[in-house]
Amino acid sequence: MGKTLFEKIWDAHVVVENESGPSLIYVDRHLVHEVTSPQAFDGLRMNNRTVRRPDLTIATMDHNVPTNDRSLPILDQTSAIQIQTLEKNCKDFGIQLFDMNSPNQGIVHVIGPQLGITLPGSTIVCGDSHTSTHGAFGALAFGIGTSDVEHVLASQTIWLEKPKSFEIRVEGKRKNPQAVTAKDIIMSIIKNIGTAGGTGTVVEYSGEGITDLSMEQRMTICNMSIEGGARAGLVAPDEKTFDYLRNREYTPKNYESLVEYWRENLKTDPDVKFDSDFTIKIDNIAPQVSWGTNPGMTCDVTESIPSPDDYSKGDQNQKKAANKALEYMDLKPGIPITEIKIDRVFIGSCTNARLEDLIDASKVIKGQKVSENVRAMVVPGSQMVKKKAEEIGIDKIFTNANFEWREAGCSMCLGMNPDILSPGERCASTSNRNFEGRQGVGGRTHLVSPVMAAAAALEGHFVDVRKLDLN
Amino acid sequence: MKGNVIKYEMDNIDTDVIIPGQYLKIHDYAELATHAMEGLDSNFHSKVKEGDFILSGRNFGCGSSREHAPIALSHSGIKAVLALSFARIFYRNAVDGAFLLPIEIDENAYQNISEGDEIEIDVSSNEIKNLTKNETYKMKPFSEIIGKIISAGGIFKYKPD
Numbered sequence: 152m153g154k155t156l157f158e159k160i161w162d163a164h165v166v167v168e169n170e171s172g173p174s175l176i177y178v179d180r181h182l183v184h185e186v187t188s189p190q191a192f193d194g195l196r197m198n199n200r201t202v203r204r205p206d207l208t209i210a211t212m213d214h215n216v217p218t219n220d221r222s223l224p225i226l227d228q229t230s231a232i233q234i235q236t237l238e239k240n241c242k243d244f245g246i247q248l249f250d251m252n253s254p255n256q257g258i259v260h261v262i263g264p265q266l267g268i269t270l271p272g273s274t275i276v277c278g279d280s281h282t283s284t285h286g287a288f289g290a291l292a293f294g295i296g297t298s299d300v301e302h303v304l305a306s307q308t309i310w311l312e313k314p315k316s317f318e319i320r321v322e323g324k325r326k327n328p329q330a331v332t333a334k335d336i337i338m339s340i341i342k343n344i345g346t347a348g349g350t351g352t353v354v355e356y357s358g359e360g361i362t363d364l365s366m367e368q369r370m371t372i373c374n375m376s377i378e379g380g381a382r383a384g385l386v387a388p389d390e391k392t393f394d395y396l397r398n399r400e401y402t403p404k405n406y407e408s409l410v411e412y413w414r415e416n417l418k419t420d421p422d423v424k425f426d427s428d429f430t431i432k433i434d435n436i437a438p439q440v441s442w443g444t445n446p447g448m449t450c451d452v453t454e455s456i457p458s459p460d461d462y463s464k465g466d467q468n469q470k471k472a473a474n475k476a477l478e479y480m481d482l483k484p485g486i487p488i489t490e491i492k493i494d495r496v497f498i499g500s501c502t503n504a505r506l507e508d509l510i511d512a513s514k515v516i517k518g519q520k521v522s523e524n525v526r527a528m529v530v531p532g533s534q535m536v537k538k539k540a541e542e543i544g545i546d547k548i549f550t551n552a553n554f555e556w557r558e559a560g561c562s563m564c565l566g567m568n569p570d571i572l573s574p575g576e577r578c579a580s581t582s583n584r585n586f587e588g589r590q591g592v593g594g595r596t597h598l599v600s601p602v603m604a605a606a607a608a609l610e611g612h613f614v615d616v617r618k619l620d621l622n
Numbered sequence: 057m058k059g060n061v062i063k064y065e066m067d068n069i070d071t072d073v074i075i076p077g078q079y080l081k082i083h084d085y086a087e088l089a090t091h092a093m094e095g096l097d098s099n100f101h102s103k104v105k106e107g108d109f110i111l112s113g114r115n116f117g118c119g120s121s122r123e124h125a126p127i128a129l130s131h132s133g134i135k136a137v138l139a140l141s142f143a144r145i146f147y148r149n150a151v152d153g154a155f156l157l158p159i160e161i162d163e164n165a166y167q168n169i170s171e172g173d174e175i176e177i178d179v180s181s182n183e184i185k186n187l188t189k190n191e192t193y194k195m196k197p198f199s200e201i202i203g204k205i206i207s208a209g210g211i212f213k214y215k216p217d
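Chains as they are written, first to last, in the working numbering: chain A, 152 to 622; chain B, 57 to 217.
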């Protein structure tokens, strides 16, 4: 029998294979940021260890960097210390760092692909759960904790129990791809499989609904694999993948010969049976809006807030969770999604802050103004995304509409820097998690696509973007 | 291992409520522990005692890869989390640093163990004894390697055979 794409990448990276228990896997790229690395470097120092492959390790600062004026000192002392610590650690251990003043600074999962550091068939780890993003290029990429960061720094390897394989087939064609986006596809998938549906698996996304997507859209899909419980999500690389990575700053010199190899080898064999599978038809899916406090609590923009009974289908814990979520979100069953008023809009994060996301959102708002009851911000995923957006003038579209146009970072996705919601504020957010307090204590998050967030900013409430002219 | 249970009868306790993002800048583990579970239970810090256990439902520890989550619980005194299932990164982080035991339990144990019950966990026999109610439940055995990593005190202390 043949092999899945995941198995092929796994087999190519096994250093020590164990029939039962974890195998030792080689790591091709290790991405490092300021929040999950300090203790790992301390551990190396304490044990007199060096970084095994500084040339395969790349660092940036993204989680708690300020997104306003970078010429000013960082006001939050603990953030400043964490950023200085990363600078020192990279200097001491010889690791390349894209610091706050670098044109390559940005969210680690945005800069990897845009610099050509993310490559098909490679293994990539980072102390961040959204490392799954890089799977869009046919890389086996997953998030790790700080002990594993230390292990990879010291040895360039990681012990890993072989995950199960899970195929998610995305079939059909969206009737209105401007309005129904990759974000809506992945949110629909999570709504169906649940937040633990992919636990212990590596997902391979396949089908026309995936191959139709651009690379940036595929990244949105793979990014949220972790919200469905899977540590990694993969898409088999194709010509779009190879074109995207050609001539980037760090694209390898022997790129064309690599492409030949990838084209031949990086695909799941036809006679393979996955450990599990799920099929979704996307011809008729609607824009999605999350109403609760985990990404599985999501419905169509045309629907109303479900009753906890309808949502839970008899499961007591689910019913309790829905009641708790509605209380936290200050919502009641039966309220149409389009009647939910919002206070804030956040267009940003490793899920949806790439150039295409910003262009899509700018088409919605062109020539219009943000509702006077809403404060809206755009936080580009990287300084390079910001620069390119400014070159084509879409920063002006946002600022003319009264959006704040900010510097690159994780920002209001996780509330580590000053960009947070106040208690009770309700936000249409293009990020990936709507957990309680994620965007600030007492803040209420509705996950949506960039076009949905942009439309909500203008109207002050959610709207079905399929009714807008988005061309 | 003997202690009292703090029960959260719910699924999907995520790492953002176990240790909210704004505290990920704290490097002092004792201070980090004062904010453990703050996103879900503001009384946690005042009620938790050394040697306590947390009991919860499915997909415990979902979300972020922050190792601060098991560290904050561990330095609060929590010796084990008993749950119907775990998110993989949390599970792995808990084992990697031997911060706490992630113990998978069944519905029977989940339903019958109550807040405040005193329980005794015997990893060698894979049994949980409820000393308050005089009941015994099965726990899912740890795979051999995980058991060895935990008894060694984490991945850096564990030496493969």
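Keep in mind that the hints were calculated from the coordinates and are not lab data.
Heads up, some of the hints might be wrong.
Derived lysine to any residue pairs resembling SDA-like cross-links, with alpha carbons at most 25 Å apart [unchecked claim]:
no., chain 1, residue 1, chain 2, residue 2
1, A, Lys-471, B, Val-61
2, A, Lys-475, B, Lys-194
3, A, Lys-538, A, Lys-313
4, A, Lys-313, B, Phe-212
5, B, Lys-194, A, Asn-468
Here are a few chain B residues that sit away from chain A, every Cβ distance over 12 Å (derived from the structure) [unchecked claim]:
no., residue
6, Asn-68
7, Asp-70
8, Glu-171
9, Val-179
10, Asn-186
11, Glu-200
12, Ile-202
We put the CB at the ideal spot given by N, CA and C, even for glycine.
Worksheet item: Taking only the CA atoms, is the gap from B/Lys-194 to A/Asn-468 under or equal to 25 Å?
Response: holds, 22 Å
Discussion item. If I take the minimum Cβ distance from B/Ile-202 to any residue of chain A, is it greater than 12 Å?
Written reply: Per Cβ check, B/Ile-202 is inside 12 Å of chain A; nearest 9 Å; violated.
Item to complete: Please work out if A/Lys-538 and A/Lys-313 have their alpha carbons no farther apart than 25 Å.
Response: violated, 41 Å
Worksheet item: Are the Cα positions of A/Lys-313 and B/Phe-212 separated by 25 Å at most?
Response: It holds: about 21 Å lies between the C-alpha atoms, which stays within 25 Å.
Worksheet item: Is A/Lys-475 close enough to B/Lys-194, meaning Cα to Cα at most 25 Å?
Response: Violated, at roughly 30 Å.
Discussion item. Confirm or reject: B/Glu-171 is not an interface residue toward chain A, with every Cβ-Cβ distance exceeding 12 Å.
Written reply: Its Cβ never comes within 12 Å of chain A, the nearest being 15 Å, so this holds.
Fill in: Claimed clearance of chain A by B/Asn-68, with the beta carbon kept past 12 Å
Since the minimum Cβ distance to chain A is about 5 Å, B/Asn-68 lies within 12 Å and the statement is violated.
Worksheet item: Is B/Val-179 truly not at the interface, in the sense that its beta carbon sits beyond 12 Å from all beta carbons of chain A?
Response: holds, 17 Å
Worksheet item: For B/Asp-70, which was marked as not at the interface, is the minimum beta-carbon distance to chain A over 12 Å?
Response: Given a closest Cβ separation of 5 Å, the condition is violated.
Worksheet entry | Given as non-interface: B/Glu-200, partner chain A, CB spacing beyond 12 Å | violated, 7 Å
Practice prompt. Report holds if the minimum CB distance from B/Asn-186 to chain A is greater than 12 Å, and violated otherwise.
Written response: Answer for B/Asn-186: holds, closest chain A Cβ roughly 21 Å.
Worksheet item: Under the criterion that the straight-line Cα-Cα distance not exceed 25 Å, is the pair A/Lys-471, B/Val-61 satisfied?
Response: holds, 20 Å
Consistency note: the structure conflicts with the earlier hints numbered 2, 3, 6, 7, 11, 12.
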